[in-house]
Structures are given as structure tokens and as C-alpha cells.
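Starting from the known structure of chain P, fit chain U with the ligands onto it as the hints suggest.
Number of protein chains: 2
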Amino acid sequence: DATSKKFFDHIESKKDEYIKRLAEAVAIDSVSGEVARRPKVVEMGHWLKAWIEKLGGTVTMKDIGKQTLEGQEVDLPPVLLGQYGTDPSKKTLCVYGHYDVQPADKSDGWDTEPFVLTEKEGRLFGRGSSDDKGPVLGWLWAIEASQELGLDLPVNIKMVFEGMEESGSVGMEELIRAEAKGFLSDVDCVCISDNYWLGTTKPCITYGLRGICYFFLSVEGSTKDLHSGVFGGTVHEPMVDLVKMMSTLVDAKGNILIDGVNDTVAPVVADEHKVYEAIDFDIQDYKRDAGLVGDVPHPSKVDTLMRRWRFPSLSIHGVEGAFYGQGGKTVIPRKVIPDQDPEDIFKKVEKHVLAEHAKLNSTTKVSLTSEHGGKPWVANFDHPNYVAGRKATKEVYGVEPDLTREGGSIPITLTFEEATGKSVLLLPMGRGDDGAHSQNEKLDVSNYINGIKLLGSYIFNLTDI
Amino acid sequence: DATSKKFFDHIESKKDEYIKRLAEAVAIDSVSGEVARRPKVVEMGHWLKAWIEKLGGTVTMKDIGKQTLEGQEVDLPPVLLGQYGTDPSKKTLCVYGHYDVQPADKSDGWDTEPFVLTEKEGRLFGRGSSDDKGPVLGWLWAIEASQELGLDLPVNIKMVFEGMEESGSVGMEELIRAEAKGFLSDVDCVCISDNYWLGTTKPCITYGLRGICYFFLSVEGSTKDLHSGVFGGTVHEPMVDLVKMMSTLVDAKGNILIDGVNDTVAPVVADEHKVYEAIDFDIQDYKRDAGLVGDVPHPSKVDTLMRRWRFPSLSIHGVEGAFYGQGGKTVIPRKVIPDQDPEDIFKKVEKHVLAEHAKLNSTTKVSLTSEHGGKPWVANFDHPNYVAGRKATKEVYGVEPDLTREGGSIPITLTFEEATGKSVLLLPMGRGDDGAHSQNEKLDVSNYINGIKLLGSYIFNLTDI
Ligand SMILES: [Zn+2]
Ligand SMILES: [Zn+2]
Ligand SMILES: [Zn+2]
Ligand SMILES: [Zn+2]
Numbered sequence: 001d002a003t004s005k006k007f008f009d010h011i012e013s014k015k016d017e018y019i020k021r022l023a024e025a026v027a028i029d030s031v032s033g034e035v036a037r038r039p040k041v042v043e044m045g046h047w048l049k050a051w052i053e054k055l056g057g058t059v060t061m062k063d064i065g066k067q068t069l070e071g072q073e074v075d076l077p078p079v080l081l082g083q084y085g086t087d088p089s090k091k092t093l094c095v096y097g098h099y100d101v102q103p104a105d106k107s108d109g110w111d112t113e114p115f116v117l118t119e120k121e122g123r124l125f126g127r128g129s130s131d132d133k134g135p136v137l138g139w140l141w142a143i144e145a146s147q148e149l150g151l152d153l154p155v156n157i158k159m160v161f162e163g164m165e166e167s168g169s170v171g172m173e174e175l176i177r178a179e180a181k182g183f184l185s186d187v188d189c190v191c192i193s194d195n196y197w198l199g200t201t202k203p204c205i206t207y208g209l210r211g212i213c214y215f216f217l218s219v220e221g222s223t224k225d226l227h228s229g230v231f232g233g234t235v236h237e238p239m240v241d242l243v244k245m246m247s248t249l250v251d252a253k254g255n256i257l258i259d260g261v262n263d264t265v266a267p268v269v270a271d272e273h274k275v276y277e278a279i280d281f282d283i284q285d286y287k288r289d290a291g292l293v294g295d296v297p298h299p300s301k302v303d304t305l306m307r308r309w310r311f312p313s314l315s316i317h318g319v320e321g322a323f324y325g326q327g328g329k330t331v332i333p334r335k336v337i338p339d340q341d342p343e344d345i346f347k348k349v350e351k352h353v354l355a356e357h358a359k360l361n362s363t364t365k366v367s368l369t370s371e372h373g374g375k376p377w378v379a380n381f382d383h384p385n386y387v388a389g390r391k392a393t394k395e396v397y398g399v400e401p402d403l404t405r406e407g408g409s410i411p412i413t414l415t416f417e418e419a420t421g422k423s424v425l426l427l428p429m430g431r432g433d434d435g436a437h438s439q440n441e442k443l444d445v446s447n448y449i450n451g452i453k454l455l456g457s458y459i460f461n462l463t464d465i
Numbered sequence: 001d002a003t004s005k006k007f008f009d010h011i012e013s014k015k016d017e018y019i020k021r022l023a024e025a026v027a028i029d030s031v032s033g034e035v036a037r038r039p040k041v042v043e044m045g046h047w048l049k050a051w052i053e054k055l056g057g058t059v060t061m062k063d064i065g066k067q068t069l070e071g072q073e074v075d076l077p078p079v080l081l082g083q084y085g086t087d088p089s090k091k092t093l094c095v096y097g098h099y100d101v102q103p104a105d106k107s108d109g110w111d112t113e114p115f116v117l118t119e120k121e122g123r124l125f126g127r128g129s130s131d132d133k134g135p136v137l138g139w140l141w142a143i144e145a146s147q148e149l150g151l152d153l154p155v156n157i158k159m160v161f162e163g164m165e166e167s168g169s170v171g172m173e174e175l176i177r178a179e180a181k182g183f184l185s186d187v188d189c190v191c192i193s194d195n196y197w198l199g200t201t202k203p204c205i206t207y208g209l210r211g212i213c214y215f216f217l218s219v220e221g222s223t224k225d226l227h228s229g230v231f232g233g234t235v236h237e238p239m240v241d242l243v244k245m246m247s248t249l250v251d252a253k254g255n256i257l258i259d260g261v262n263d264t265v266a267p268v269v270a271d272e273h274k275v276y277e278a279i280d281f282d283i284q285d286y287k288r289d290a291g292l293v294g295d296v297p298h299p300s301k302v303d304t305l306m307r308r309w310r311f312p313s314l315s316i317h318g319v320e321g322a323f324y325g326q327g328g329k330t331v332i333p334r335k336v337i338p339d340q341d342p343e344d345i346f347k348k349v350e351k352h353v354l355a356e357h358a359k360l361n362s363t364t365k366v367s368l369t370s371e372h373g374g375k376p377w378v379a380n381f382d383h384p385n386y387v388a389g390r391k392a393t394k395e396v397y398g399v400e401p402d403l404t405r406e407g408g409s410i411p412i413t414l415t416f417e418e419a420t421g422k423s424v425l426l427l428p429m430g431r432g433d434d435g436a437h438s439q440n441e442k443l444d445v446s447n448y449i450n451g452i453k454l455l456g457s458y459i460f461n462l463t464d465i
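Each protein sequence line maps, in turn, to chains P and U. Number 401 in our numbering belongs to position 401 of the first sequence; there are no gaps in the numbering. Number 385 in our numbering belongs to position 385 of the second sequence; there are no gaps in the numbering.
Bound-form chain P, shown alone (with noise of 0.2 Å):
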């Protein structure tokens, strides 16, 4: 209608200035695992903070505590609670995202100053451009844009960002606990920016993820460090032993063959298959994105998406075994999918190791520990704040949004839904390819333009809920 195009041509007529706010965000190395830039996150959330002042909002920075990093003890970078309209006739939406990014150097292979953000070919190359300064950004433009044009936001606006997404969310959970009877108790919906596209085309919003479980597992050999040179030969080696029984977990096509474990997945149905062919997605995008050495296991849409979504994975991760070893030990992540109990799956995975581990008839030991690293989720995509973001997708890019899932976790998902009880919605504004942790992250400049149209529209959708 002419309302959004007014908004959409306001957007497009700002776009060198909001490149230029996003270059200053990015300028402020908020890099929250180090200590030393620690002040930079710091810095980072008061920038945020005067803005949302600036804009007429409040701002509540909430101290969370210390924290032991690199052998010190430091301050958590304060998590930032604004609020926007305090209209009691209205809704209220609250929105996450993260003001720390990654760590990120130029020896790590970038092509630029990854504290510089650069536009070349019609991308902003800058560590925290995609994820999650140019969201964040986008929440304000929105705002201050609807502001510029003297147009009524349908809603309130909460604003919890943090500054220690990038590090754990060390202290988050608890935050958002606390405030389910405080801060956020009045929200109707929530509303997450800080994932990407599938691929790099297509827009969508995203409704489900993984779960993820970490087993640890460990053989004991020795009560000593064992110098291998002396030993080696005449003793059962716990790294030998541990070897065997991790390639016992998975298959190199990534399927689990842990006894048990694949029962509690939801058989495929007649054509479940069609809901993944209409998703718009190329293995070969896929490939190039991930920066593949060769081929992926299974080269059809259906199977690669089917498996990043709806069957659970496992992986093999940060193998310890010193050199002088007396054991070694093993971090196993598992993603589980919605139907998976995690108590059933450890039992089910201790039994398999300690079977392997008979086969083996050796006299070392072997534990088997767990840790739940976050639970699946999957929010049902009919309703209002779903629709009120399918809406605005398709007034922004002209298609109706592919409904995706996705394969990694997202923990404080589930976090709000549960202490808000509230519907949450997850809407990207950057392209699968962003390379988000990696060297060379970008943000397109168009999906920063759209993503600020988008995320404004949104908010003008959400008059239903």
C-alpha cells in the first residue's frame, strides 16, 4: 500500500547514511572473548544505548556480573533493556540480538580490515556486519524511520540486546528468567534477527532447530603420565582405545549407528518430501558457501536438507590426548531433534561405547559423561507474529518466504519462549553465505536496505496479535 512505499522509499533515500551508523558500529571491535577488547563491548552498548535515547526510548543497562576470562576476573558486558512506547492500549514485541561479534584478524586470512567496513561489489565486508550489528541497526532504523515519517508504530517495542551472545551468553538465560515476571512481562511476541537465509537468494523465516547434546568420553589407562617412548607396545594405549570406539559412533556419510538412536525420529511421510522441494536451496551454492573440498555425501536437496533439519547428527570434536598421555577423552555433540529425549540417547550411547569397549578386551577404563548444550525447537508457523513476517517478506521482496528450519542451535530460543510463553519468530536479514564466524563476514547491501524495510514492516504487521 502507499503507506509501505512511502516507508520503503524513506528506507532507500537513507541508505548511504545507514551504512555509514553501520560503519561506525562495526569500527568498535566489540569482540566479547577477549579481554582486552572487553571495553569495546562495553563501549559498543552504550553507543546502542544513546541512539535508543536519542529516538526517545529507555534504557536500562543490567549489570550481570563478573566472569574469570583468560585468568581474570572482568566484568559481563551489561545486557541492554530498552523499551520503545509505553502505549498500555497497545501490544508489545520484544526483540533479541547481540551488540559483541566474533574475533576476527586480518592474519585469519580476510581480504580486508575486518574492523573496517568496506563496500565492494555491493557488499559490506566487516566482522559484525552480518551478524548481528546490521539486525540490530535495523530494529533502530526501523524505528527512527517511522519516526522521520510521523507514522505510529501498532506496537511497543522491548529491546534486549546482549553483549555476550558470541561467547556463550554467559549469565543470559538467567537474565531472562529473572525478568519473565519484570522486563518481559508484558510481551506478546518476540522477535529474533540473528540468522541467515538458506541460501542467497531467497528470503525466509525460520521455525525450528536442532538441539544439541554433548557426550564426553573418556579412557583412563593410567593413573601416571606414560611416556609412550618407554610404554609404547606393552600397555593398552587409552587413545588407541579411544580411536576405536569413536569410529564405531558414525558412519562417513554421517549416519548414526548407535543402536537405538534412529528409532525415536519421526518416519518421512507420503510426500513430506514436496515440502523440502519447494524450499529454495542449491547443493552447489551449498557447497561453494562452505567452502567444501569436494563433494557433500548426499547430493540431493532433499536428503542434504532433510538431513541438516529432521534427523539428528553427531559429530566428533575436541579430542584430547597428551602427549605424555594417561588417557584421552573426547567431546561428542549430538543434535537431537524434537522427539529425542536426551536421557534416552546418552543410555543408549553409553551402552554402545561400553560395548565397543568390551570388544576391544582392554583393561582401560571408560566413562561416558553428558551435558545438554540446548533443547530443540519448533514454534508453529500459522500464527500472528509467523504471519505478520511472511506478510512483510512478500511486501519487501515480492515472494511469500521459504519456511525453513535450521540444523544448529539457537538456545535462547527457547529460553524466551518458555519465560515469555509467547510466540517467537526467527527473520533473518543476511544470506546464507555470509560467513557469519569466518573471515571475510559480509552483509549484502541490499539485505541491510530490505532487512531495515523488512524488519519495519514486521512491526507495522503485527496488528493482529
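Don't take every hint at face value.
Below, computed lysine to aspartate or glutamate pairings styled on EDC-like, alpha-carbon distance capped at 20 Å [what the hints assert, rightly or not]:
| # | chain 1 | residue 1 | chain 2 | residue 2 |
| --- | --- | --- | --- | --- |
| 1 | U | Lys224 | P | Glu356 |
| 2 | P | Lys202 | P | Asp295 |
| 3 | P | Lys359 | U | Asp251 |
| 4 | P | Lys287 | U | Glu220 |
| 5 | P | Lys359 | U | Asp295 |
| 6 | U | Lys253 | P | Glu356 |
| 7 | P | Lys224 | U | Asp108 |
| 8 | P | Lys224 | U | Asp105 |
| 9 | U | Lys224 | P | Asp152 |
| 10 | P | Lys224 | U | Asp111 |
| 11 | P | Lys224 | U | Glu113 |
| 12 | P | Lys365 | U | Asp289 |
| 13 | P | Lys224 | U | Glu220 |
Think of the hints as simulated: they come from the structure by calculation, not from any bench.
Just chain U with the ligands now, kept in the frame of chain P:
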């Protein structure tokens, strides 16, 4: 004979002083691997220099340059080149030892302060007591005792004491090769006292060491860091491929499964087992000293000794795979025995891993590189240098020593042999349970005092070299 008796009695009479001086040496916490303690290594070197000079010897402290440690450029500790006796009519013995020690901290699980020599039930607990301060002091006590008794030594003695042995002997090989035509040019035989008895009751002298090769196996899946959550299940995972390949290298009993690798192992001849039967070695002691949590894979003494000395072994260490990993890599140290050619072994290992990778039908890229850690070494135990060591053992302990090899590498041994072209003898002072690199390192009082007699008697027996 009478001289021996007088010499041995004198040493016995000085027991308290010998222990007191060892306590002084242990109190100098000369840990070469820590920047903060590097000055203590230098202090220890000068402590020895002063003593040798007091005995009438001469010492050159050889500067061997700098290294980068903990991110700082630090001086390498000097190599002490000492000379006692310059009689041109005498032959020259060269002795090697090291005055640096492994790191130690009470909190690592020591029952006593590691740098306070503590006598308990006939044992002297302290870092460096056995490795290698006891033996280094032993040489000086032997010289001092001969002086006190007015006994003329049959040989001149050159001393090479280094301060970097526990940190890879940086610069040492170059120095020895450089001094082949200099300080070492007139050396007639070499003795190193830096290893241990096989067990706890029977003295031994050591004539062989296995060598070591390191193989670096790496698997690349992507040119980028991939988040397992996002990609798990849809790509060939390098860590999975790595674990699968590693699991095929060796069985749980330590048998190497690589085709052809065992071909070059000399077959066990008819009565060869008798040599091993004769060795004083107890499996139960071995298990206890190694702190094993279970049984050894080869319960017979002969099997365990053969696997330790005459068969190659293969271990798996240092598996790396970042949590968000592009790939995985591992280090596979392989012990090689004298008949094995590292180039040939490399080709066989490479053929094996490529074949195993091919079985996986994976599109990851695999590569193998190698590095030679130390060549194998076997000496002629009928050489007069060995005969002197055997006679000395008989005089001190009343028994013929076991003739042993060691599973590990002491690369300096071969370097001395190659640089001097002369016989090198390994003549241990301590016992197999001394725990050289563990918590609660100790040297038995009896091994210390008898060891001083042994080193002295060895010198006096060096009449036929
Ligand atoms: Zn993010
Ligand atoms: Zn991120
Ligand atoms: Zn040593
Ligand atoms: Zn040592």
C-alpha cells in the same frame, strides 16, 4: 681389591655430605621449560662450574643462542664444557648429563615439596633427584673422592652438561657436531648416566634404544570453519574420517595393522627368548610402577620386553580438531627399530591411510607428512667401554648387570656416537620406579651412594679403551 674397598668405604663415610649437596642442587629449581625459572637453570650451571673449578678442573660455559619461549625471546642456558685432567699420556672419557629438570609443582600431586629434597624410608624425593642431578653430582663426587684418597684416575675426563635436555635439547645436536673437531676431538669413549634400571632390584647397562618417527595425518573438509550445528549431517566430517583412519592403524593389543611394516622386523630366532628370560623384570612391578588401571595386554615377561625393545610400536597422540573445525589432524609417533628404514615405513603408512580413506568414499582431502624424532641405536656391548661398566657393576653390586635396551629415544646418544666415532655407554644410577617425569620423583639413597661408587669404579676400570 683393596683400592676398591678403600674407595667404596670412603664414599659410604661421606653419605650425609653427599645427600646434603644433592639437596642443595634440588633446591635450585632449574626448570628449563619455564621462562620465569630460566635464571635458575643458569644458576645451576654456575653451581656446577664452581664445583668443577674447586676440584681443579676448567670450565667453559658455551653460549648456544636464544629461543622464543612463552612468546618471549630468552637466552638458552649455557652448555657446560668441563675438563678434569689434561695428561697427554692418558685416554679421555667424556661424560654427559643435564642440569635442568622437568616442571614440578606440589599441586600436581606431590606428597612433598618438589624442590625440597625429602628423605623418607631410604628414598630421596625431589624433582631432579634421579633425573639427572643425582648422576651429574655422581661424576663430581667420584672425582672428589679420588682426590681425597690420593688416587690417580686412569683417564682425563671431559664433561658435557646441558641445561635444555627436558625442553628438547635445543641447540645441543649442533653444538656436539660443531665440537666434534674441537672439544670432543680427543675423546676415546662416552658415558651417559641419564636412564634407569629396568626394574627396582637388578642393575643394568643399556646398549640399545628404539628410534622414533612422527607422522602427521591431516584431513581437510573445507577451506572455512564450519559450525557443526549448521552443517552436521550434511557434509563429510574430517574428524570422522580421521578417527576412522586412525582406528585402522593398530589393534587394541598394540599390533601394528599396516601392511608390510612388520616385514622388516628381524624374526625371533630359536633361543632368543632366553636372553629375555634372563632379564630381571617383573610384570607386576611394571604394572604398579606404570600406574596401570588394569592388566597389560601381554602378560608374559618375554613378550612385554620384546615389544618394548625389539618390536616397533605405534601410538596416537595430539589429535586436533577445533570445535568449529575445518579439519582434523593427528600425530602418530612410531617407534622404529634398527632394521627399519623411516622412508620405507613412511611409504607403507601413506599407502595404508590412503587406502583406508578410499574405503570411506569421502571427499575430504587427506595428507600425511613425517618428521624423524630420533634414529634407533644399538651398541656393541663387548667393547672395553662396556666391559668397564660391567666390571664396575659387579664390584659395586656383586652381580653381572642385565644388558638392556630401552623403548624410548635418547637422541643425544647417537649424536655423541656419530660425532666422536667412539663407543657410547648408558650407565644408569636410578631405578625403574624413580618416576623421572612424574610427581614424587625420587632416588633411593642406596642407588645414589652405590651409583657414586659405580661411576667411580667405571672410571677406574677404563684401562683398556
Ligand atoms: Zn549472532
Ligand atoms: Zn554469531
Ligand atoms: Zn634425563
Ligand atoms: Zn628427563
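Here is what the structure says about each hint:
1. U:Lys224 - P:Glu356: violated (33 Å)
2. P:Lys202 - P:Asp295: violated (23 Å)
3. P:Lys359 - U:Asp251: Holds. P:Lys359 to U:Asp251 sits at ~11 Å (cutoff 20 Å).
4. P:Lys287 - U:Glu220: Satisfied, since the Cα-Cα distance of roughly 14 Å is no more than 20 Å.
5. P:Lys359 - U:Asp295: OK: P:Lys359 and U:Asp295 at ~16 Å, within 20 Å.
6. U:Lys253 - P:Glu356: holds (15 Å)
7. P:Lys224 - U:Asp108: Judged against 20 Å, a Cα distance of about 11 Å means the pair holds.
8. P:Lys224 - U:Asp105: holds (15 Å)
9. U:Lys224 - P:Asp152: violated (45 Å)
10. P:Lys224 - U:Asp111: holds (14 Å)
11. P:Lys224 - U:Glu113: Satisfied, since the Cα-Cα distance of roughly 18 Å is no more than 20 Å.
12. P:Lys365 - U:Asp289: Holds - the C-alpha atoms of U:Asp289 and P:Lys365 are around 18 Å apart, at most 20 Å.
13. P:Lys224 - U:Glu220: violated (34 Å)
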